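Add chain X to chain L, keeping to what the hints say.
First to last, the protein sequences are chains L and X.
Take our numbering: the last position of the first sequence gets the number 112, and nothing is skipped along the way.
Take our numbering: the last position of the second sequence gets the number 113, and nothing is skipped along the way.
For the record, the hints were derived by calculation from the structure and aren't laboratory data.
Honestly, I wouldn't trust all of these hints.
[What the hints assert, rightly or not] Simulated DEER-style distance windows between Cβ atoms:
#1 L/17 - X/79: 48 to 58 Å
#2 L/83 - X/56: 42 to 52 Å
#3 L/13 - X/29: 38 to 48 Å
#4 X/12 - L/53: 39 to 49 Å
#5 L/15 - X/39: 25 to 35 Å
#6 X/14 - L/16: 44 to 54 Å
#7 X/110 - L/5: 23 to 33 Å
#8 X/60 - L/15: 44 to 54 Å
Every value quoted in this text rests on a predicted model; they were computed, and no experiment measured them.
All C-beta atoms in this analysis are idealised placements derived from N, C-alpha and C, irrespective of residue type, glycine included.
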Amino acid sequence: DSGVTQTPKHLITATGQRVTLRCSPRSGDLSVYWYQQSLDQGLQFLIHYYNGEERAKGNILERFSAQQFPDLHSELNLSSLELGDSALYFCASSVRQGYGYTFGSGTRLTVV
Amino acid sequence: GENVEQHPSTLSVQEGDSAVIKCTYSDSASNYFPWYKQELGKGPQLIIDIRSNVGEKKDQRIAVTLNKTAKHFSLHITETQPEDSAVYFCAAIPGAGSYQLTFGKGTKLSVIP
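Bound conformation, chain L alone (with noise of 0.2 Å):
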């Protein structure tokens, strides 16, 4: 148990629709880090919260949206779903900005 809690843990749902994933950071860290991992893409960043605040953002969709809550864990939210969105979707957090990233097992999706 790496101490970055996912849920759910899988998820299939229907073109078009909405979901929400959760992350629970481990206890102490600020920095949230959102990853999406596709066979053919590897894994790619998709957005950073530190403290609450978004601090940068990658190659996420305008489709796709996270919020860090006070508590600290994150949420990442996906509507008008694709068929090319179906991938692992991992978070990562840290006590440090950019150092000792630890990822959780992730949620993976799928679009049918």
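Structure of chain X alone, referenced to chain L:
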């Protein structure tokens, strides 16, 4: 932005032999280089990392070397064991206020008993 190239994409070694995975990066300002091991169905696990002010770091059977001039870094695993079989990713953080990891495409290591 940063670009990280990783080679080889697949690697098979006999148990007990050494394995070497190489990565190059494009941004000379990059200052942090972690390596992750990902087993099937699990998230990436940090196995070793190195900062730009260090040339080499060892942790038991695992070592990482960094050549800042050439902008490349390598992972060395000695005395490989079947449980070392996994996908390994190198990554870099560009620095200059950027904190997100840019990953290589991964190397699937198979250790043959």
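Discussion item. Can you tell me whether the CB distance of residue 14 of chain X to residue 16 of chain L sits inside 44 to 54 Å?
Written reply: Roughly 50 Å apart at Cβ, these two residues keep to the hinted range, so it holds.
Item to complete: Confirm or reject the claim that residue 17 of chain L and residue 79 of chain X have a C-beta distance inside 48 to 58 Å.
Response: 49 Å, holds
Worksheet item: Is the distance from the Cβ of residue 15 of chain L to the Cβ of residue 39 of chain X consistent with 25 to 35 Å?
Response: With a Cβ separation near 31 Å, residue 15 of chain L and residue 39 of chain X satisfy 25 to 35 Å, so the hint holds.
Discussion item. Looking only at beta-carbon atoms, does the pair residue 83 of chain L, residue 56 of chain X fall within the given range of 42 to 52 Å?
Written reply: At roughly 45 Å between Cβ atoms, residue 56 of chain X and residue 83 of chain L fall inside 42 to 52 Å, so the hint holds.
Worksheet item: CB of residue 12 of chain X to CB of residue 53 of chain L, is that within 39 to 49 Å?
Response: About 46 Å separates the Cβ atoms of residue 12 of chain X and residue 53 of chain L, which means 39 to 49 Å holds.
Worksheet item: That 23 to 33 Å hint for residue 110 of chain X and residue 5 of chain L (C-beta), does it hold up?
Response: 31 Å Cβ-Cβ, so the 23 to 33 Å window holds.
Worksheet item: Does 38 to 48 Å hold as the CB distance between residue 13 of chain L and residue 29 of chain X, or does it fail?
Response: Taking Cβ atoms as reference, residue 13 of chain L and residue 29 of chain X lie about 40 Å apart, which means the hint holds.
Item to complete: Go ahead and decide if the range 44 to 54 Å is satisfied by the Cβ distance of residue 60 of chain X to residue 15 of chain L.
Response: About 48 Å separates the Cβ atoms of residue 60 of chain X and residue 15 of chain L, which means 44 to 54 Å holds.
No hint from the list above goes unmet by this structure.
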